[in-house]
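Engineer: Note that the protein sequences, when read in sequence, are chains A and B. For the first sequence, counting from 1, position 192 maps to 192 in the working numbering; every step adds exactly one. Start counting at 1 in the second sequence, then tack on 1000, and there's your number in the working numbering.
It is worth saying that the hints were derived from the structure and are not from the lab. Accuracy of the hints is not assured; some may be wrong.
Some chain B residues near chain A, calculated using beta-carbon distances under 7 Å [unchecked claim]: (1) 1005; (2) 1008; (3) 1015; (4) 1017; (5) 1072; (6) 1077.
Cβ atoms here follow ideal geometry from the backbone N, Cα and C, with glycine treated the same way.
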Amino acid sequence: MAQRKGNYTILFDDPPSVCASSAVGGKKEAEGPLGNMFDMTSDDSYFGESSWEKAESRMQKDAVNKALEKANFSNAEIECIFAGDLLNQCVGSSYGLRDLGIPLIGLYGACSTMAESLTVASVFLESGAINKAIACTSSHFCSAERQFRYPLEYGGQRTPTAQWTATAAGAAVLEKGDTPPFVRAATVGTIEDLGIKDANNMGAAMAPAAAMTLKRFFADTQTNAENFDLIITGDLGKVGTKLLRELMQQDGYHLEHAHTDCGLMLYNMEKQDVHSGGSGCGCSASVMCGHIFPLMRKGQLNDILFIATGALMSPTVVQQGESIASIAHLVYISSQKTGGRVS
Amino acid sequence: MKMTPEEYDRLSKKASPNSPSGKNITMAFLIGGLICALGQALSLLFQNNGMDKDTAAAAVSVSLVFLSVLLTGLNVYDNIAKVAGAGTLVPITGFANSMAAPALEFKSEGYVLGLGAKMFIIAGPVIVYGISASVIYGLIIYLFKLY
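With the sequences and hints as input, model every part of the structure.
Structural biologist: Listed below in structure tokens is the structure:
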């Protein structure tokens, strides 16, 4: 059974295995430094569909089908799928997955959804309620722009702190098994808000949430940054990364040598005009499912902390003058099923 | 360490780069100026071909609006605006773009509730406050002329 460790952390006794994963991406993502990690990419930002929302659903469906194919499972073998996205009412997931016939638990954690879905899936698996699950999420630049910002062809200028919503999806198949990597622990975040109101500076809004969750994990497990090969945040971008490191440093944790951010990895920061970096559920989902999990399976990375950060705002509340509430969930993933510093 | 919103505001301002104003203002001046020069050239051209000054002015507006909408439809306008900023926003081209862009974007929700309803989503406030301001301006002129 899962156990509590400290005040916030859940340890898994029989850690679920991430036995297969897949990533789907758009054209810009395929042209980025991690372009080769994608199982499928499309030069057409509509992915052959007739609207941006349908395109996003298509990506999520493709990611799940690809992950199932890699795991060699049929739809019927998956007992539950944990999915979410950025669109109103999470239609990216529900319409993408409606033909699959797999029980669905819809999640909303904004860009923290990948860590959230891995956590919830792991708890379900650990409890014995299910034996095979999928965690997946997606985002699409065009569907996010029209919902949160301006029409695509509108001639506006972006500020240097703005981030670029990734057109990408990631899906991970989890089971009770022995294929590395394993989800060993999770820390569910609290809602943090230090008063940032600029919707073009999500990194600054989300950094305090990431710092809080990370500090709680370190305190609960009596570890620090040196105990892990990699600490990877979801989509803090340049500004959020700088702020996270400063916030951690104030409490004596030095991340400089172990930390990176999916939003800084997905695009070429000099050439691809993404300002502060990538963002969106699909950003961390595709980097984790397409790049990090395969590296762990090959044994090139052993112990990592994945902290996905989400801004829980809507355009309506921001227009009403509210600040941007944020959340960050952490999962500790290891290539070893037992042992190590956290147990 | 517990941080107050004020302390964090200072920290985040320090970490957030400012917009490159020097570059933005220069590009806005150059490209905005170029659009205005194009307008002037068209005006002269129309007048040389027999239009009176007022008709030529209206014809210039129509031409610039047409060009702006055409470039918006060809996915070019936003790429120019990314560099030009206020240079493409302030002239009548910006107004045309702000109506053409949502019209294209929201076509997927249908011609009535999508395109028709959402077309003014950006230009709407400009029209509302533009007309309101002109009414007030008219009233002031009227009052001054009374005495």
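Engineer: For each hint, tell me whether it holds in the structure or not.
Structural biologist: Here is how each hint holds up against the structure:
1. 1005: holds, 3 Å
2. 1008: Interface hint status for residue 1008 of chain B: holds (4 Å vs cutoff 7 Å).
3. 1015: holds, 5 Å
4. 1017: holds, 4 Å
5. 1072: holds, 5 Å
6. 1077: holds, 5 Å
Violated hints for the displayed structure: none, as all numbered hints are satisfied.
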